[in-house]
Amino acid sequence: VPFYLDPVLADLDAMLHGAQPGLVLHKLLPEVLEWPLTLVYGPLWAVVWVGGFFAVAVYGDRQLRRRYWWTCALSLFGLGTVLATALSSVGPIYYEAVYGDPRYSDLTAAIFASGPGGQVKGVSTYLWTTYTTGSNSFGTGISAMPSMHVAVATVQTLAAFSVSRILGAVLGCFALCIQFGSVYLGWHYALDGYVSALFVAC
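So for the sequence shown, the working numbering puts the first residue at 1; every next one is plus one.
Don't take each hint at face value.
Derived Cβ-Cβ restraints for the label pairs, each shown as a range [claimed, not checked]:
hint	residue 1	residue 2	range
1	58	115	35 to 41 Å
2	65	141	39 to 45 Å
3	121	76	26 to 32 Å
4	109	54	36 to 42 Å
Just so you know, the hints here were simulated from the structure itself, not pulled from any lab data. C-beta atoms are modelled at their ideal positions from N, C-alpha and C, and glycine is treated no differently.
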């Protein structure tokens, strides 16, 4: 399915928040937190996903394990395959490349000028190159709506709350950071994360 939904998502995002959320977050986040946020969104997210997966696998509550596996499976299929195909979109960071509209040029300039900007640019270029050349490479694929980063973080948060309120609160803060980072780094519209969190919670 060709990318088509970004103009609608961008309009809804701006209407809902009264501005471009990414630019607002760039004004709010202190420079010293740019790298920590990037690390949370990237390597730490992967560790929490894999770690949570194995932690639940060895946890004694059989019912929790069953709910967790079903939620993971339905989220990966429903969000990562069905909705990602039906709501085909690229996110702010690729908006101009796909639609020829510099709507997010200020945001991408702010992202690339930030501390981790070089790393973000490298990853975005890698993903775009594999997409335009049709290459099959590790960890590739461009999809904004919905956000699987937020979906995974929400699954882990709900599972953590089933074990401990304190652990749940910690993972809840982690999920909020993932939502923040997805918008701050230009990979997603804020709506992408809202839809994912709501789908997982239901």
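Outcome of the hint check:
1. 58 x 115: 35 to 41 Å: 38 Å, holds
2. 65 x 141: 39 to 45 Å: 28 Å, violated
3. 121 x 76: 26 to 32 Å: 28 Å, holds
4. 109 x 54: 36 to 42 Å: 40 Å, holds
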